[in-house]
Amino acid sequence: MSARALTVRRRQLGRGLLHLVLIVLAVFFLIPVVVMIVTALQAAGQGGGGLSIVPHSLTFDNFRAVWEETGLPRLLVNSVIVTVSSTLLVLFFSSLAAFGLVQHAFVGASVVLLVLLAGIMLPPAAIIVPLYAEIHDFGLLNNYLGLIGPYTALGLSVGILFFRNAFSAIPRDIVRAAKVDGASPWAIYVRIFLPLSLPAIATVAILQVLFSWNEFLIALLVMTKENRETAQLAYITYAGLYSASFEKQFAVLALLTIPVLLVFLVFQRQFVRGLTSGAIKG
Amino acid sequence: MTETAAGRRVAGRTASRRTPGRRRGRRWLGLLFLTPAAVLFALFVAYPVEETFRLSLYDWDGLSPTKAYVGLRNFGELFHRDPDFWHTVRNTVLWAAVTVPVTILIGLALALMLDRKLRFRNAYRTAFFVPVVMSAVVIGAVWNWLYDPEFGLVNEAFGRIGLGGNRVWLADPSLALWSAIAANVWRWSGLTMLFYLAALQSIPPDLYQAARVDGASEWAQIRRITLPLLKPMTALLVLLGTIGAFKEFEIIYILTGGGPAHATDLLSTEIFNQGFKLSRSGYAAAISVVLLVGTVLVSLIQLEYLSRKNRELA
Amino acid sequence: MSDDANADKRVEAGPRGEETRQPEATMTRRSVLKSAAMAGGGLALLGTPGSAAARPFITRAKVTIDYWTWHHISQVPTEKGRDRIKAAFEQANPNITLNVKLFPFPDYLTALKTAVPNGSSGDVLGLQNGALLRQYRPYLQTLNTLAEKGMGKNWQKAYLSKAISLPQRENNWPHKSDEYWWMPAEVAILGAQWYWQDIFQKVGVSVPKDYGELKEISDKLRSAGYIPTAWGAKDQWPNTDYLIVYASQFRPGVVEAAELGERKFTDRAIVAGLTFMAQTVKDNLYNTGPFGTTAYPEAYQSMFAARKAAMINTGAHNISLAGTPGAQENWRAFLFPHIPGAPQSNWLGKLPSGVPTPTGPSPSRLIFDVGYLVSMRKGLDKAKQDAAWRFIQFYVGPKGQRINSFWTQPSLKAVHISGFTNKGFVNMLNWHFAVAEFGERREFLFPETREALQTAIENVIVNNADPRTELAKVDVAAKKARLKAGGKK
Chain A
142 MSARALTVRR RQLGRGLLHL VLIVLAVFFL IPVVVMIVTA LQAAGQGGGG LSIVPHSLTF
202 DNFRAVWEET GLPRLLVNSV IVTVSSTLLV LFFSSLAAFG LVQHAFVGAS VVLLVLLAGI
262 MLPPAAIIVP LYAEIHDFGL LNNYLGLIGP YTALGLSVGI LFFRNAFSAI PRDIVRAAKV
322 DGASPWAIYV RIFLPLSLPA IATVAILQVL FSWNEFLIAL LVMTKENRET AQLAYITYAG
382 LYSASFEKQF AVLALLTIPV LLVFLVFQRQ FVRGLTSGAI KG
Chain B
3 MTETAAGRRV AGRTASRRTP GRRRGRRWLG LLFLTPAAVL FALFVAYPVE ETFRLSLYDW
63 DGLSPTKAYV GLRNFGELFH RDPDFWHTVR NTVLWAAVTV PVTILIGLAL ALMLDRKLRF
123 RNAYRTAFFV PVVMSAVVIG AVWNWLYDPE FGLVNEAFGR IGLGGNRVWL ADPSLALWSA
183 IAANVWRWSG LTMLFYLAAL QSIPPDLYQA ARVDGASEWA QIRRITLPLL KPMTALLVLL
243 GTIGAFKEFE IIYILTGGGP AHATDLLSTE IFNQGFKLSR SGYAAAISVV LLVGTVLVSL
303 IQLEYLSRKN RELA
Chain C
5 MSDDANADKR VEAGPRGEET RQPEATMTRR SVLKSAAMAG GGLALLGTPG SAAARPFITR
65 AKVTIDYWTW HHISQVPTEK GRDRIKAAFE QANPNITLNV KLFPFPDYLT ALKTAVPNGS
125 SGDVLGLQNG ALLRQYRPYL QTLNTLAEKG MGKNWQKAYL SKAISLPQRE NNWPHKSDEY
185 WWMPAEVAIL GAQWYWQDIF QKVGVSVPKD YGELKEISDK LRSAGYIPTA WGAKDQWPNT
245 DYLIVYASQF RPGVVEAAEL GERKFTDRAI VAGLTFMAQT VKDNLYNTGP FGTTAYPEAY
305 QSMFAARKAA MINTGAHNIS LAGTPGAQEN WRAFLFPHIP GAPQSNWLGK LPSGVPTPTG
365 PSPSRLIFDV GYLVSMRKGL DKAKQDAAWR FIQFYVGPKG QRINSFWTQP SLKAVHISGF
425 TNKGFVNMLN WHFAVAEFGE RREFLFPETR EALQTAIENV IVNNADPRTE LAKVDVAAKK
485 ARLKAGGKK
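Protein chains in written order, with our numbering: chain A, 142 to 423; chain B, 3 to 316; chain C, 5 to 493.
A few of these clues could be false.
[Unchecked claim] Label pairs and their computed distance ranges (CB to CB):
#, chain 1, residue 1, chain 2, residue 2, range
1, B, Arg56, C, Asn103, 46 to 52 angstroms
2, C, Val480, B, Lys279, 16 to 22 angstroms
3, A, Ile222, C, Arg472, 58 to 64 angstroms
4, B, Leu209, A, Val221, 40 to 46 angstroms
5, B, Arg75, C, Gly330, 55 to 61 angstroms
6, B, Ala159, C, Asn176, 53 to 59 angstroms
[Unchecked claim] Derived contacts from chain A toward chain C, CB cut-off under 8 angstroms, selection only:
#, residue
7, Leu192
8, Ile194
9, Pro196
10, Ile269
11, Tyr273
12, Ala274
13, Leu361
14, Ala385
[Stated by the list, open to error] Below, a list of computed lysine-lysine pairs in the BS3-like style, where the Cα atoms sit at most 30 angstroms apart:
#, chain 1, residue 1, chain 2, residue 2
15, C, Lys382, B, Lys279
16, C, Lys166, C, Lys427
17, C, Lys477, B, Lys279
18, C, Lys180, C, Lys427
Simulated from the structure, these hints should not be mistaken for laboratory data. A virtual CB, placed ideally from N, CA and C, is assigned to each residue, including glycine.
In isolation and in its complexed conformation, chain A is listed as follows (with noise of 0.2 angstroms):
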């Protein structure tokens, strides 16, 4: 064989290696999943049951049956809402943030830094009783800004983190040239900053989807009036303390994974746009 038959031969072999590793690792890391879904697709109401891999019926009843029980479409639409809500505002805030950290840095930065992290090392049990209280307080009980207020604000660390991260890497030079244009503060931040960040923006992005989207604790003491409710709990009109159909269960946490895996794949382009128009290409 020629040497470049080799070459083209050992890059193949490579590939299919590298394939047979990832689906292998797949599997191992959807097995769970698959758990999920097989059970959710099972006949409920039996009482008995249990959770299997193989499945032994199919039916798509618990999915529909969720949908109207649970009043699953109210429940999204309020989880969209904070989820929406909360993403951008921590966005704005925490990019703002460390727009204000990076340019106007002042001493005490780090502190500053150890703060917003001190933040966020609790548990949502360490703090869920003062918390509650403020909320309480606030009036805020069954209002939207009652959960978008706090997961704002337990975002903003990390967001200020990576934004600082993403801010921190770009050239003196370009930020210098620009003031020396006159651009005023703002402008650089909109136009230098921002674009510059993509990846950022779009790492943070996914996070705080993921912890509105999924935060249970404060969603289930703040919002207790059902047409506030979000929809992780909806689940629990099938989760009894002495019996339960985790068939309907799995159907509606199998349901609400859908949205947040939509977002991720929708924000994956944006890391590949991010490296073509980010990079110092001008």
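Assemble the complex: chain A is given as a structure, and chains B and C must be docked to it using the hints.
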């Protein structure tokens, strides 16, 4: 040339030039940019944390209108008279010390494998990311079932390959914590993969080009170019991962409940038990203080490393 | 709107969290916030026409009440999310809207702790005996007058006597009181061995007459590929259930006495019970690694209801799973056989006859608890209080209990199970209800004591610790709890 042009494009709309005397105004502007974040943070994060610190000095059941001030007595009891405390600390440290590096390594490996033109790349990426998206309730229920001593897939698989299929993964004191760690690593590896993928995107391809021209193998490229450039992201992931691991609650609570006999208790589960099952809100707050201070100390070390890396690269 | 009204009410109910030091400095920021919220609420109140406080004919006005619980009919698998209680109640009371808010149990504790002191909890609350009812007493409405007016002066007589006396004793200890801030909705008799009679037939075993036979049939069932008895020890509550069943064979009432300080946890009877419990694990009566298995959903559903286990130690709790195919025809029960070494006792002779499937002489005792009670929040305005009481009376009265009687055990003497057709199954359930008052006390007064006992059980069985040493630690915790609650010793 390009830079000034860009600068002029940006500055195009602005009318006047700024004089040097305005620099102090800029400093205030910097603080202004921080304000919205600062206000929200102060309200919904700083205040509850500060309240928790205050609460740690009281003996309170979380309900009655009166609290009894006890000073540092909660801490004294915690450090000297609580038979489970030090074991819980050890568990928490172990939990973080294993979860964080393993999650990062796996995420890095996945990202490196996927950072190329590959058929089905999106599908693989999604597959690895799905666990991150699932809620803790489902993850807990499914992993409970996977680990079931009688019917779980894990024992069945182990049995088939001859490693013995009757372990009690979640209730054997020597296995339980590790089993929970495995589920936790499974859950978060897709996220570190995502971060690394983003970081890999920002490495200029020219660097690799040059190395390839010089005949460097892929491995060598990874070792000499990629890994060093990923150090800031790694440091960031270690920092965030540690913070996340120290406060992780739901998954371990659903998988082991902190048992058996407190064998897998973490500081986070202790906070919940003391605060809500045993109604000792002051004591639970004291544990929270310990958790926070400990995490701060560890983070300080990591932050220092992170800034040093940032300065090196800038 | 209701939250703003509650903000006003909170001033009467008592402020939350007043400390003994530095009250001004701490309260400043929150007082400002509170005033702002109340001002806003007051304005809203002024601007809203037809608020309940303004109407003269209170019972005609439309009222909404919030009911908080972790345990409701809509969760039973065969109900498919339907809420028959809500439907029936609202039909009988067209001016009242009932909002049922469900919580998972651990989160329910958090929800109560945050919402109740702030006055933002549900108007009607589902609670448990002991810790919960004791803790929240200052925030709950006394129901004596309402109960007497709505259900007659001797309303207590309609209930199983233990459904009244047990909560009275536990929720007031160490004092006594005639005050009712709770109404008993459900009881549960537990501790019986339920089994699939068709599996028994198929494998060729019959109900054991003593412990030796129980071991034998367990081996046979295991050889035939079944789990003999499903046990979900990870959830912890089945463990204390077992311990009380066993210990009470050696001395009836011993665990309750130990908790109250009249005996010790290191009493011979409890040590014997715990030792026997460890022995049953060594004798292979259960699924592998019971401490790695949850009671629900694994033991109850994935194992027993799915026909992978032949037996499970349960009782009233399993009624909600009786929609499982084949359950009515095949689920039967027997009493756990006599424990070797325990004294012989003819306690069964005092019971109504017709033990479903007789076992040998001196079988083990059953356990009993008042598993679910409802209360009303203090500080409700007249219209809401009226509506809330109507719901409570509905729920704990014959109407609600009849609706619930297909999945829980009623606390009223006059209400029996319904919804099942198979005679054998119905007889078995009726027998459970007939013996309801004869069980050992199952619940605990103090969560500290219960937690300590659960840890002791785990240490003995999982870590092979010495029973007496572990039980001594329980004594320490129990004493601390008693002293804290105002007991003398």
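Results of checking the hints against the structure:
Separation of Arg56/B from Asn103/C is about 35 angstroms and departs from the stated range, judged on CB atoms against 46 to 52 angstroms. Between Val480/C and Lys279/B the beta carbon distance is about 18 angstroms. The supplied range of 16 to 22 angstroms therefore holds. At about 59 angstroms, the CB distance of Ile222/A to Arg472/C agrees with the hint of 58 to 64 angstroms. For Leu209/B and Val221/A, the Cβ-Cβ distance of about 41 angstroms falls inside the hinted range of 40 to 46 angstroms, so the restraint holds.
Take Arg75/B and Gly330/C: their Cβ atoms lie about 58 angstroms apart, and the range 55 to 61 angstroms holds. Evaluation of the 53 to 59 angstroms hint for Ala159/B and Asn176/C yields a pass: the beta carbon distance comes to about 55 angstroms. Because the beta carbon of Leu192/A sits about 7 angstroms from the nearest beta carbon in chain C, less than 8 angstroms, this interface hint is met. Contact between Ile194/A and chain C, as hinted, is not supported at the beta carbon level, the nearest pair being about 13 angstroms apart and thus beyond 8 angstroms.
Because the smallest distance between the Cβ of Pro196/A and any Cβ of chain C comes to about 15 angstroms, over 8 angstroms, the interface hint for this residue is violated. Given hint, Ile269/A at the interface with chain C, holds; its Cβ is 6 angstroms from that chain's nearest Cβ, closer than 8 angstroms. At its closest, the beta carbon of Tyr273/A sits 4 angstroms from a beta carbon of chain C; the interface hint therefore holds under the 8 angstroms criterion. At about 6 angstroms, the closest approach between the beta carbon of Ala274/A and any beta carbon in chain C falls short of 8 angstroms, and the interface hint on this residue holds.
Interface restraint check for Leu361/A: the shortest CB-CB distance to chain C comes to about 6 angstroms, inside 8 angstroms, so the restraint holds. Taking 8 angstroms as the C-beta cut-off, the interface hint given for Ala385/A holds, the closest approach to chain C being about 6 angstroms. Distance check on the hinted pair: Lys382/C and Lys279/B sit about 23 angstroms apart at the alpha-carbon level, within 30 angstroms; holds. As the CA atoms of Lys166/C and Lys427/C are separated by approximately 28 angstroms, the hinted pair is consistent with the 30 angstroms bound.
The hinted pair formed by Lys477/C and Lys279/B meets the criterion: a straight-line CA distance of about 19 angstroms does not exceed 30 angstroms. The straight-line distance between the Cα atoms of Lys180/C and Lys427/C is roughly 43 angstroms, outside the 30 angstroms bound, and the hint therefore fails.
In the structure shown, a violation is registered for the earlier hints numbered 1, 8, 9 and 18, in ascending order.
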